[in-house]
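Respectively, the protein sequence lines represent chains A and B.
Taking my numbering, I'd label the letters of the first sequence as residues 1 to 224.
Taking my numbering, I'd label the letters of the second sequence as residues 1001 to 1143.
Hints are all accurate, no fakes.
A partial selection of chain B residues facing chain A, derived with a Cβ cut-off under 10 Å:
1. 1020
2. 1024
3. 1068
4. 1086
5. 1092
6. 1093
7. 1095
8. 1126
9. 1127
In silico negatives: residues of chain A with every beta carbon more than 12 Å from chain B:
10. 69
11. 180
12. 195
13. 197
Derived CB-CB ranges, DEER-like:
14. 1099/B to 81/A: 30 to 40 Å
15. 1095/B to 178/A: 10 to 20 Å
16. 1105/B to 67/A: 40 to 50 Å
17. 1107/B to 147/A: 26 to 36 Å
18. 65/A to 1121/B: 48 to 58 Å
19. 1095/B to 181/A: 14 to 24 Å
The set of hints was computed from the structure by calculation and includes no laboratory data.
Just so you know, these numbers come straight off a predicted model, no measurement behind them.
Yeah, the Cβ is synthetic: ideal placement off N, Cα and C, and Gly gets one too.
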Amino acid sequence: MAGDYRVVKPFRTVSLVVATVILSVVSLAGCARDSSNAAGVTIVGGEQPGPWKGVALDPPTARPAIMLTDVDGLPFDFRARTAGKITLLYFGYTHCPDICPLLMSYIAQALKDLPAKVTDKVDVVFVTVDPARDTGPVLRGWLNNIDPDFIGLTGSIEQIVAAEKAAGVPTSSMDSSEPNGYTVLHSAEVLAFGFDDEAHVLFDSASTPTDFEHDLRLLAKGVA
Amino acid sequence: MAGASAAAGSVSISGAYIPRPASPDVAALYFTVRNNGAADVTLTGVRTSAAASAGFHQYVNVSGGGQEMAPLGSITVPAGGDVRLAPDGLHVMLEAPQALAVGQIVPVTIEIEHQQAITVDVPVVPMTGLQTMDDMPGMDMGG
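Turn these sequences into a full structure, and let the hints guide you.
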């Protein structure tokens, strides 16, 4: 109905069969979606071998070196500013009615149920893939409706596409037939970077607040 | 938290809810529609005084691979079957909604072919939507 998932959610029933699945990029939310996986990530289905409730990333994705702009219009060096912290990174847009507010609110709920010693180590970064409509004030207002501590980033569409590529998520495409010159594309995937500056786990539209809470606890203990 | 229900003839709506939106410009409406009749039934639209416009949306494949969100003119519910509108799948997008706070009840009319309609009093729920026991923090059911 809604297409295939890019990543296979670990099966909840006991299974002795472990299948290796080659990811094909899918993104179910938002607008257009690329079909090729820039990251070439392989994940293992069946019995989840790692400790995560989210989806294990093997190989992990390195904390990307991306330059974007904060809601006040100031440069934001993502790698430098989030280095050494647990960082949840999501590419979305504020006119997304369903999956963007849902996933971000799941994160907010998980953080509310975690102690300060965990949440103090966590940054949540939302990068808009719709910079024409998501100006700094629009982005800040939208995030404030979810969690005022969430960081909002924007940039030129070229910078945002470069950031998506660096993070290994599906990229928007330039399209002159679109009103703002680009298709609004996002992956509905939250990458979780740990203290080692690698993302060993991601969350998707099948993830629940409990999944986020569980894995954030592990990340805060330095599990990788 | 259960979501609202209503029925007309062989068609019934259950689990209807609107998550509190984060944007002032768009909101989402979800529900499950069941057709207990012997013939397929087509939902032809949605209207509510709580939004300037409301329309079904789906995700469709685009050439070159991938999917994009697109308006969907109607939804056909097979005889004896049901269709579920849920996040990351079929949904209703409400455009330019009125201010929606958790606890508000929003009357929504789901239009059905042959000038039929069902009106549901839809609750505005938290942004996290309707959650099962499995999803509640501290209540991990061992999944």
